[in-house]
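Turn these sequences into a full structure, and let the hints steer you where they fit.
2 protein chains.
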Amino acid sequence: MSDAIRIGLIGFGTIGTGVIKLLDQNQKQIRTRLGCPLTLVRIADIDLKRDRGVRVAKEMLTSSASDILEDPSIDVVVELMGGYEPAKSFVLRAIRTGKSVVTANKALLALHGAEVFAAAEKAAVDLGYEAAVGGGIPIIRTLREALGGDRNTAIYGIVNGTANYILSKMTAEGEDFDTVLKKAQAQGLAEANPTFDVDGIDSAHKLTLLVQLAFGTTARFDDIAVEGIRAISQIDINFAKEFGYVIKLLAIAKRDAQRIEARVHPTMVPRSHVLADVNGAFNAIAVQGEALGSSAYFGLGAGMMPTATAVVADLIEVAGHFRRKARGRIPPLGYPLAAQVKANFKPMADVVTEYYLRFMVVDRPNVLAKIAGILGRHKISIASVIQQGREEGATVPIVIRTHHARERDLRAALRSIDRLPITRAKTTAIRIEDSLGS
Amino acid sequence: MSDAIRIGLIGFGTIGTGVIKLLDQNQKQIRTRLGCPLTLVRIADIDLKRDRGVRVAKEMLTSSASDILEDPSIDVVVELMGGYEPAKSFVLRAIRTGKSVVTANKALLALHGAEVFAAAEKAAVDLGYEAAVGGGIPIIRTLREALGGDRNTAIYGIVNGTANYILSKMTAEGEDFDTVLKKAQAQGLAEANPTFDVDGIDSAHKLTLLVQLAFGTTARFDDIAVEGIRAISQIDINFAKEFGYVIKLLAIAKRDAQRIEARVHPTMVPRSHVLADVNGAFNAIAVQGEALGSSAYFGLGAGMMPTATAVVADLIEVAGHFRRKARGRIPPLGYPLAAQVKANFKPMADVVTEYYLRFMVVDRPNVLAKIAGILGRHKISIASVIQQGREEGATVPIVIRTHHARERDLRAALRSIDRLPITRAKTTAIRIEDSLGS
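Top line first, the protein sequences correspond to chains U and A.
Quick note on my numbering: the first sequence kicks off at 1 and runs consecutively.
Quick note on my numbering: the second sequence kicks off at 1 and runs consecutively.
I should point out that these hints are in silico values taken from the structure, not numbers from a laboratory.
Among these hints, one or two may not hold up.
Here are the simulated DSSO-like cross-link-like pairs (lysine-lysine), alpha carbons at most 27 Å apart as the crow flies [stated by the list, open to error]:
#, chain 1, residue 1, chain 2, residue 2
1, A, Lys325, U, Lys122
2, A, Lys254, U, Lys21
3, A, Lys28, U, Lys254
4, U, Lys342, A, Lys28
5, U, Lys325, A, Lys325
6, A, Lys21, U, Lys254
7, A, Lys342, U, Lys28
8, U, Lys325, A, Lys122
9, U, Lys28, A, Lys254
10, A, Lys182, A, Lys241
11, A, Lys241, U, Lys241
12, A, Lys122, U, Lys28
13, A, Lys28, U, Lys122
Structure, rendered in structure tokens:
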């Protein structure tokens, strides 16, 4: 059996602990697959005191990442510290000294991917980032390799477990956003500052990567329109049910002959669609391809051990290339960065979709006619209406499902309607995806 | 741009036609990913006359596979003729002359995998067979690479589109097996001789491969217990509904510390489980791993273009290895055949599962007590009962859902019950999988 592949780990947090456990538990199986041992030799973290519940030799620990980055005997660096800096500097240093890198850092790759991918290509090292999207779901290698011969046309992803957990709980238990968020925070399922998860930022980071992989085009974080789930309320979850929908935070990307649209927002998904059944911390990504049609990939999108499986799978692959002197075999995106097509992103105002609209209006004869009239003047046609309760003079909801409409027209119509004297609160608009494929 | 990788295709049928179309349509994208052109240079088939709807230069066609196998300029052979012989001889000849092979032939690999895999390892060529299981679903590379660092504990697959189509239609439209089969045959969705699909043989072929990939153990076709769907009737589909189940033809494999059980049979799946929603020609494979937990993979399991995407993905990978002189990088199973663990398969009699039982008995007081008594004496306890209609002296169904019971005990109990004078027809037993994971 040949020499071990030596790994340095930067960031000894939850996922790092999972990686150590998995490398230890499945040592023999990994050695069999790789043809040599895969050995963790050094761990860098700023906190060397905390007990993580795994046994690690004291001399493996260091508080200085340089002890890994400057150690020529280390073949592969695993970056699991997260955040932009110093993670970015560490990853680039590792690459430039000829080490392959495995990372779970979607924020880094979403914002600085072009620079990191280019550095990896230039140095002809491997960059594995399966754990950056969908936790244990092998969506990166699926898009990079399995779907590489097809022309992908759309992606629909539930890619943030925290937001999905909150929406699932709100739907199942009838509690409001703030209550569920507080409980999730108490259980460690949401961070003290939950903004990346609930405001859609994390999902948009992941979509930035998925678009580049699936469509072969550029995608910057700023190309993606983002709306979070804070404004979702029980009343809309219940009306969604009446229309046969479930509300999910979806990351959506579609391409037509000219343009790409990429957006993250709460979305009404048909009850019968597979994505509607993805609950709790589960993630799922559905892909439409011209030849393949619909395919979908499900699994746990976060958590110590599920995410660790993705990191270890990357380690086995990257170490295998190292061992067989075949590094840089597949560029990080599955195609050379030089071949990436400059994408033309559709502004949100041009996006065409169906809408759920909830108007809060004075209950008075002719209110619906007034609203319908304004919608009609903006070329928005109505698919169905729910008008509940009749209590002259009170504030009541009128709920409308539209046919396909252009966002620009919808915004203009809502501006007019929200200015009417009969309108008592800002209108709620939630996009519907009825054409998800089967 | 470097020299083209040259492909020879043996078997110009539906999938072959799809491969030709896809290579042509996505030529540019494939060249970008591969770094060189991927060029089909020769096609062998016994029927050179039929119009397949794709344009192919006449001089590319040959009726002799030897023209491909003996052409030293051909780098990769695609075998899409199916069947055992001469496919096996062709594949082995290709491998032995140092050509990499891509095949969709699950029957061949299920029965002669050990020989073919060993030959590929020995010759250090690549063998791609993504299209052999799940059509366009990348389950082979997922098990071989993405889940390679985890210890998989169970697989549940809907891996035969024809059987799934028939069961879905029977469930949705209330028609009986023979009617739906005839319609499927008329539409080209089932073969004139449907035995491989409806009798579970094709699913068992695929399970043979999945077990080897997921568990790292041996699996021969004969290790798998197989039952088809011909005996499924409307009455059982309807009772399944009452219990909250859907009937699917599942390929199931589980491992415990000592043994593996592997079986293909009609199975009642909880209505709420993701596999219950997989309808028509769709396939799905759910995998349980110790670290990853549940993950699942969905897509079109058959058809010209979906299957062609899997063949072309393999071609890109295999050709990439060829180009970069990295062939044989990953053995066909993801681990060397020498490291394959000899599996100890559980005989069906030892399998423990829940059962749906339908007794056809004379409607007479005390019949249920009699049946329950015999079941109890065989250590089978009852979870629930449906007893419909009351028509003294007529033949009526009594339907029982059992708790977990051993197959051996169940068979003994049914032998006793089927001999009772009150029993008017052979009892129907359908296994239930309630512990599918989420």
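Going through the hints against the structure:
| no. | hint | in the structure |
| --- | --- | --- |
| 1 | Lys325/A x Lys122/U | 20 Å, holds |
| 2 | Lys254/A x Lys21/U | 23 Å, holds |
| 3 | Lys28/A x Lys254/U | 21 Å, holds |
| 4 | Lys342/U x Lys28/A | 16 Å, holds |
| 5 | Lys325/U x Lys325/A | 10 Å, holds |
| 6 | Lys21/A x Lys254/U | 23 Å, holds |
| 7 | Lys342/A x Lys28/U | 16 Å, holds |
| 8 | Lys325/U x Lys122/A | 20 Å, holds |
| 9 | Lys28/U x Lys254/A | 21 Å, holds |
| 10 | Lys182/A x Lys241/A | 25 Å, holds |
| 11 | Lys241/A x Lys241/U | 23 Å, holds |
| 12 | Lys122/A x Lys28/U | 23 Å, holds |
| 13 | Lys28/A x Lys122/U | 23 Å, holds |
In terms of the numbered hints stated before, the structure departs from none.
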